[in-house]
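Asks: Sequence lines, in order, name chains A and B. Counted from 1, the first sequence has number 172 at position 172 by UniProt numbering; the numbering is strictly sequential. Counted from 1, the second sequence has number 411 at position 411 by UniProt numbering; the numbering is strictly sequential.
Incorrect hints may appear among the rest.
Same chains, same label: a pair holds when it works inside one copy or across any pair of copies.
[As the list claims (entries may be wrong)] With a cut-off of at most 27 angstroms between alpha-carbon atoms, the simulated DSS-like pairs for lysine-lysine come out as follows:
{"hint": "1", "residue 1": "Lys-313", "residue 2": "Lys-58"}
{"hint": "2", "residue 1": "Lys-169", "residue 2": "Lys-459"}
{"hint": "3", "residue 1": "Lys-267", "residue 2": "Lys-313"}
{"hint": "4", "residue 1": "Lys-169", "residue 2": "Lys-367"}
{"hint": "5", "residue 1": "Lys-313", "residue 2": "Lys-169"}
{"hint": "6", "residue 1": "Lys-313", "residue 2": "Lys-105"}
{"hint": "7", "residue 1": "Lys-105", "residue 2": "Lys-169"}
{"hint": "8", "residue 1": "Lys-318", "residue 2": "Lys-169"}
{"hint": "9", "residue 1": "Lys-371", "residue 2": "Lys-318"}
{"hint": "10", "residue 1": "Lys-466", "residue 2": "Lys-313"}
{"hint": "11", "residue 1": "Lys-318", "residue 2": "Lys-459"}
{"hint": "12", "residue 1": "Lys-267", "residue 2": "Lys-58"}
{"hint": "13", "residue 1": "Lys-452", "residue 2": "Lys-169"}
{"hint": "14", "residue 1": "Lys-452", "residue 2": "Lys-58"}
{"hint": "15", "residue 1": "Lys-452", "residue 2": "Lys-367"}
{"hint": "16", "residue 1": "Lys-267", "residue 2": "Lys-371"}
Calculated directly from the structure, the hints in this document are not laboratory data. Predicted, not measured: the structure shown is a model, and the values here were computed from it.
Okay, here's what each chain looks like letter by letter:
2 protein chains.
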Amino acid sequence: MALRAGEHSQEAANGLKERVLTLDSMNPCVRRVEYAVRGPIVQRALELEQELRQGVKKPFTEVIRANIGDAQAMGQIPITFPRQVLALCVHPDLLNSPDFPEDAKRKAERILQACGGHSLGAYSISAGVQMIREDVARYIERRDGGIPADPNNIFLSTGASDAIVTVLKLLVTGEGRTRTGVLIPIPQYPLYSAALAEFNAVQARDHCRPRALCVINPGNPTGQVQTRECIEDVIRFAFEERLFLLADEVYQDNVYAEGSQFHSFKKVLTEMGPPYAARQELASFHSISKGYMGECGFRGGYVEVVNMDAAVKQQMQKLRSVRLCPPTPGQVLLDVAVSPPAPSDPSFAQFQAERRAVLAELAAKAKLTEKVFNEAPGIRCNPVQGAMYSFPRVQLPPRAVQRAQELGLAPDMFFCLRLLEETGICVVPGSGFGQREGTYHFRMTILPPMEKLRPLLEKLSQFHAKFTCEYS
Amino acid sequence: MALRAGEHSQEAANGLKERVLTLDSMNPCVRRVEYAVRGPIVQRALELEQELRQGVKKPFTEVIRANIGDAQAMGQIPITFPRQVLALCVHPDLLNSPDFPEDAKRKAERILQACGGHSLGAYSISAGVQMIREDVARYIERRDGGIPADPNNIFLSTGASDAIVTVLKLLVTGEGRTRTGVLIPIPQYPLYSAALAEFNAVQARDHCRPRALCVINPGNPTGQVQTRECIEDVIRFAFEERLFLLADEVYQDNVYAEGSQFHSFKKVLTEMGPPYAARQELASFHSISKGYMGECGFRGGYVEVVNMDAAVKQQMQKLRSVRLCPPTPGQVLLDVAVSPPAPSDPSFAQFQAERRAVLAELAAKAKLTEKVFNEAPGIRCNPVQGAMYSFPRVQLPPRAVQRAQELGLAPDMFFCLRLLEETGICVVPGSGFGQREGTYHFRMTILPPMEKLRPLLEKLSQFHAKFTCEYS
Numbered sequence: 001m002a003l004r005a006g007e008h009s010q011e012a013a014n015g016l017k018e019r020v021l022t023l024d025s026m027n028p029c030v031r032r033v034e035y036a037v038r039g040p041i042v043q044r045a046l047e048l049e050q051e052l053r054q055g056v057k058k059p060f061t062e063v064i065r066a067n068i069g070d071a072q073a074m075g076q077i078p079i080t081f082p083r084q085v086l087a088l089c090v091h092p093d094l095l096n097s098p099d100f101p102e103d104a105k106r107k108a109e110r111i112l113q114a115c116g117g118h119s120l121g122a123y124s125i126s127a128g129v130q131m132i133r134e135d136v137a138r139y140i141e142r143r144d145g146g147i148p149a150d151p152n153n154i155f156l157s158t159g160a161s162d163a164i165v166t167v168l169k170l171l172v173t174g175e176g177r178t179r180t181g182v183l184i185p186i187p188q189y190p191l192y193s194a195a196l197a198e199f200n201a202v203q204a205r206d207h208c209r210p211r212a213l214c215v216i217n218p219g220n221p222t223g224q225v226q227t228r229e230c231i232e233d234v235i236r237f238a239f240e241e242r243l244f245l246l247a248d249e250v251y252q253d254n255v256y257a258e259g260s261q262f263h264s265f266k267k268v269l270t271e272m273g274p275p276y277a278a279r280q281e282l283a284s285f286h287s288i289s290k291g292y293m294g295e296c297g298f299r300g301g302y303v304e305v306v307n308m309d310a311a312v313k314q315q316m317q318k319l320r321s322v323r324l325c326p327p328t329p330g331q332v333l334l335d336v337a338v339s340p341p342a343p344s345d346p347s348f349a350q351f352q353a354e355r356r357a358v359l360a361e362l363a364a365k366a367k368l369t370e371k372v373f374n375e376a377p378g379i380r381c382n383p384v385q386g387a388m389y390s391f392p393r394v395q396l397p398p399r400a401v402q403r404a405q406e407l408g409l410a411p412d413m414f415f416c417l418r419l420l421e422e423t424g425i426c427v428v429p430g431s432g433f434g435q436r437e438g439t440y441h442f443r444m445t446i447l448p449p450m451e452k453l454r455p456l457l458e459k460l461s462q463f464h465a466k467f468t469c470e471y472s
Numbered sequence: 001m002a003l004r005a006g007e008h009s010q011e012a013a014n015g016l017k018e019r020v021l022t023l024d025s026m027n028p029c030v031r032r033v034e035y036a037v038r039g040p041i042v043q044r045a046l047e048l049e050q051e052l053r054q055g056v057k058k059p060f061t062e063v064i065r066a067n068i069g070d071a072q073a074m075g076q077i078p079i080t081f082p083r084q085v086l087a088l089c090v091h092p093d094l095l096n097s098p099d100f101p102e103d104a105k106r107k108a109e110r111i112l113q114a115c116g117g118h119s120l121g122a123y124s125i126s127a128g129v130q131m132i133r134e135d136v137a138r139y140i141e142r143r144d145g146g147i148p149a150d151p152n153n154i155f156l157s158t159g160a161s162d163a164i165v166t167v168l169k170l171l172v173t174g175e176g177r178t179r180t181g182v183l184i185p186i187p188q189y190p191l192y193s194a195a196l197a198e199f200n201a202v203q204a205r206d207h208c209r210p211r212a213l214c215v216i217n218p219g220n221p222t223g224q225v226q227t228r229e230c231i232e233d234v235i236r237f238a239f240e241e242r243l244f245l246l247a248d249e250v251y252q253d254n255v256y257a258e259g260s261q262f263h264s265f266k267k268v269l270t271e272m273g274p275p276y277a278a279r280q281e282l283a284s285f286h287s288i289s290k291g292y293m294g295e296c297g298f299r300g301g302y303v304e305v306v307n308m309d310a311a312v313k314q315q316m317q318k319l320r321s322v323r324l325c326p327p328t329p330g331q332v333l334l335d336v337a338v339s340p341p342a343p344s345d346p347s348f349a350q351f352q353a354e355r356r357a358v359l360a361e362l363a364a365k366a367k368l369t370e371k372v373f374n375e376a377p378g379i380r381c382n383p384v385q386g387a388m389y390s391f392p393r394v395q396l397p398p399r400a401v402q403r404a405q406e407l408g409l410a411p412d413m414f415f416c417l418r419l420l421e422e423t424g425i426c427v428v429p430g431s432g433f434g435q436r437e438g439t440y441h442f443r444m445t446i447l448p449p450m451e452k453l454r455p456l457l458e459k460l461s462q463f464h465a466k467f468t469c470e471y472s
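Assemble the whole structure, with the sequences as input and the hints as a guide.
Replies: This is the structure:
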């Protein structure tokens with residue numbers, strides 16, 4: 001390995017010396033990672049925004065990013081109370097200000113008391129501030145009708161993604177034909193496929209040993225909310241097939257359709273009784289990025305583990321301690337999310353009104369999306385029962401499919417790229433999530449503000465008609 | 001794989017069914033991870049604190065956590081200006097408040113303008129808010145005497161650890177005898193050994209292919225500040241041996257000793273000219289957790305990559321996009337750290353005074369630590385030139401070593417555990433960082449407040465004398 005310096009310098013002088021780290025020599029698992037939600041189409045959207053700013057003429061005046069569940073980027077106003085509490089924690093001089101309600105001050109003081117040095121600037125313990133873990137446990141108990149939750153089974157995280165990746169990391173092991181398999185839904189949120197590629201595990205098919213099953217409920221990208229019966233079936237299947245269950249429940253507050261209701265996997269599992277309740281391993285994830293807060297940028301979340309082996313839990317704790325702690329501001333907002341103002345608190349009325357307004361508007365947008373898409377020939381959209389996305393199926397004419405293949409693009413990627421170039425609407429092709437062979441979809445968030453959403457949906461439908469015409 | 005349900009239920013009824021995820025079946029790489037800074041000794045410290053709260057009698061009244069570089073947990077007061085800016089960003093209603101200085105408001109408005117939806121609640125792009133990347137680039141240019149820095153080579157991160165792990169992840173590849181080796185200093189900060197264990201890479205010795213060299217300057221745990229000549233030697237070595245350089249420079253503002261000065265690897269590399277300047281690959285890391293801010297809990301940091309292959313950089317960007325974005329509050333504090341108030345700004349005087357006071361106190365504590373330890377027989381402490389730690393060498397009598405071995409403990413772990421039990425002082429044994437065979441050290445932060453530090457150092461020295469006596 002150790003060539004003499006002279007030889008290298010000579011090579012370098014000739015411009016021949018290769019870099020240590022190249023596409024060929026880098027970690028091949030990382031190379032295989034794909035993440036459509038921020039993939040090439042989003043890169044192109046950023047370029048188009050740049051061109052618009054530079055005054056380049058386009059057939060549209062703004063890029064609408066309907067590719068990612070980022071409510072505040074789409075204009076959703078932050079809920080007041082959590083931001084007040086966080087501002088007080090960040091700058092405790094404000095505790096003397098008359099402009100903040102008493103309950104926000106009480107909450108901030110209580111959180112600061114629980115922080116090292118009474119400051120958000122100290123590391124918390126790796127699993128998160130103990131008091132906040134306790135508040136999360138009480139939230140889960142209320143949500144699940146009194147089924148006990150143990151704070152020591154709760155680990156706060158840097159958004160839900162971080163916790164999901166941690167649990168997957170514990171599960172992967174083996175190489176070649178013994179590589180770990182993880183069953184994921186199709187279509188899926190591409191965090192799962194990306195993390196599995198990074199860990200050299202596989203989305204279970206034949207040549208592996210499946211150890212885990214991931215479920216997203218309410219569904220991303222489909223917006224489906226699972227019935228209780230469906231959840232029971234999944235739990236029975238996992239138990240029989242000996243699969244660790246990962247329940248991605250970050251949209252648990254985002255249920256809109258009449259007759260739909262969120263049931264947590266933990267509650268259903270517990271109520272199923274023996275042999276499931278005491279044995280089936282489960283990790284349930286939640287986040288402050290979705291729901292009614294939409295505080296994505298703060299990166300807060302948690303995982304609750306159920307029936308996890310005690311020694312494995314210790315290993316998980318150890319693994320998390322290497323990254324020190326989840327960001328404290330995200331922990332503060334999580335605390336407010338799980339213990340909001342009570343009816344007797346001064347901020348209760350405003351908090352409830354703001355929360356209801358956000359959820360009501362989301363429900364209206366879910367309905368509108370389904371309606372407008374289903375009026376368009378060649379587009380079919382399932383009811384958006386929950387979460388923040390529609391995942392409509394689009395008919396693409398054979399000549400468009402052929403043209404896409406000539407360009408080396410998935411047909412729905414070709415459709416979405418053309419859509420972006422001609423209308424400024426940025427959505428993610430279904431091929432980034434997985435879909436039945438020969439069908440084409442895209443994922444579009446329901447987050448654009450109401451006054452923009454209707455024209456947007458109509459513009460998209462019209463573009464589809466024009467595109468169909470062009471290639472027929 | 002698919003046993004029938006009945007068989008499983010039978011097993012379960014007999015209590016025989018094994019969990020899917022056990023110590024034996026879990027990811028063996030995770031099992032091999034060790035992280036001394038939050039290891040068993042810290043667990044014990046937490047238990048002791050609990051016992052004290054419950055009124056259990058101890059030979060001390062509080063546990064002093066000198067195990068981790070967590071300034072605010074040790075009572076350091078946050079610098080005012082960055083907290084003002086962050087509070088304004090979190091709760092923009094405060095922009096109308098007369099209690100905030102104009103420059104803090106200007107800065108907050110500028111940051112919010114650059115955020116999606118003008119809110120910290122939106123995701124930023126994965127590499128961080130573009131404007132903040134630009135501010136970081138200008139900071140690096142000032143620091144390095146005008147050597148250009150490209151914002152597109154700067155990736156903001158969730159503390160420096162997150163960025164270090166990302167770069168290491170790109171580098172690892174191969175299995176068995178072709179496993180990737182990474183050269184790390186001994187003693188080292190155990191993030192490096194932990195990350196390498198997690199990725200199934202090895203700390204380079206013989207049976208691997210070394211691809212990277214990690215340097216920590218100013219040093220953790222030793223507090224050493226490298227001379228310019230030393231840095232040049234490291235760069236030449238890396239170039240000749242074809243090693244990607246990782247420069248952990250998170251303590252760049254923490255230099256205390258007269259005659260010591262921080263030289264960035266980027267600056268030295270650039271000034272060395274050909275063949276090094278244009279070819280040697282380098283990643284330099286920085287953080288808001290150390291320096292004069294000590295804002296650990298907010299998890300902010302960045303990496304600048306130099307001479308990185310363009311395609312690899314794209315892969316890095318893609319990999320980071322899966323975790324969406326670094327927490328926005330940490331990005332805000334980083335922005336203040338790299339573009340603090342200018343002399344003409346209303347907050348300049350106070351900011352400078354607070355900053356100087358923190359650094360002057362750290363310098364005094366560095367000196368005091370060295371002095372008190374070197375007065376104690378059997379303890380030898382190098383000058384703490386920079387960073388936040390002393391790493392004194394302690395003589396341990398043979399009978400103590402023997403007793404430790406009987407207990408299955410490293411001798412310095414035995415010493416540190418006894419120290420904790422009898423004095424409440426929590427420090428980390430040298431064996432957690434690596435040390436020359438047959439020598440014993442511990443790492444202790446210089447962060448306890450001045451009025452506590454002197455008695456602490458004396459108590460520790462006295463305990464060492466007593467311990468030596470006991471085992472002689």
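Asks: Give a verdict on every hint.
Replies: Results of checking the hints against the structure:
Taking the closest pair of Cα atoms, Lys-313 and Lys-58 never come within 27 angstroms of each other, the shortest separation being 54 angstroms inside a single copy and 30 angstroms across copies. Proximity of Lys-169 to Lys-459 under the C-alpha cut-off of 27 angstroms is found in neither arrangement, the shortest distances being 43 angstroms within a copy and 43 angstroms between copies. Proximity of Lys-267 and Lys-313 under a CA criterion of 27 angstroms is satisfied intra-copy only: 21 angstroms inside one chain copy versus 44 angstroms between copies. Proximity of Lys-169 and Lys-367 under a CA criterion of 27 angstroms is satisfied in neither setting, with 38 angstroms inside one chain copy and 43 angstroms between copies.
Taking the closest pair of Cα atoms, Lys-313 and Lys-169 come within 27 angstroms of each other both inside a single copy (13 angstroms) and across two copies (24 angstroms). In this homomeric assembly, Lys-313 and Lys-105 never come within 27 angstroms of each other (Cα to Cα): the closest approach is 35 angstroms inside a single copy and 45 angstroms across copies. Taking the shortest Cα distances, Lys-105 and Lys-169 never come within 27 angstroms of each other, neither inside one copy (39 angstroms) nor across copies (43 angstroms). Both within a single protomer and between protomers do Lys-318 and Lys-169 lie at most 27 angstroms apart by alpha-carbon distance, with minima of 13 angstroms and 19 angstroms respectively.
In this homomeric assembly, Lys-371 and Lys-318 never come within 27 angstroms of each other (Cα to Cα): the closest approach is 49 angstroms inside a single copy and 35 angstroms across copies. For the identical chains of this complex, Lys-466 and Lys-313 are neighbours neither inside a copy (55 angstroms) nor across copies (38 angstroms), given an alpha-carbon limit of 27 angstroms. In this homomeric assembly, Lys-318 and Lys-459 never come within 27 angstroms of each other (Cα to Cα): the closest approach is 51 angstroms inside a single copy and 31 angstroms across copies. Taking the shortest alpha-carbon separations for Lys-267 and Lys-58, neither the intra-copy value of 52 angstroms nor the inter-copy value of 43 angstroms comes in at or below 27 angstroms.
Taking CA atoms no more than 27 angstroms apart as the test, Lys-452 paired with Lys-169 passes in neither setting, with 41 angstroms inside one copy and 42 angstroms between copies. Within a single copy, Lys-452 and Lys-58 get their C-alpha atoms as close as 19 angstroms, which meets the 27 angstroms cut-off; across copies the closest is 66 angstroms, which misses it. Within a single copy, Lys-452 and Lys-367 get their C-alpha atoms as close as 15 angstroms, which meets the 27 angstroms cut-off; across copies the closest is 63 angstroms, which misses it. For a Cα distance limit of 27 angstroms, the shortest separation of Lys-267 from Lys-371 qualifies neither inside one copy, at 33 angstroms, nor across copies, at 60 angstroms.
In summary, the structure is inconsistent with hints 1, 2, 4, 6, 7, 9, 10, 11, 12, 13 and 16 from the numbered list given earlier, while agreeing with the others.
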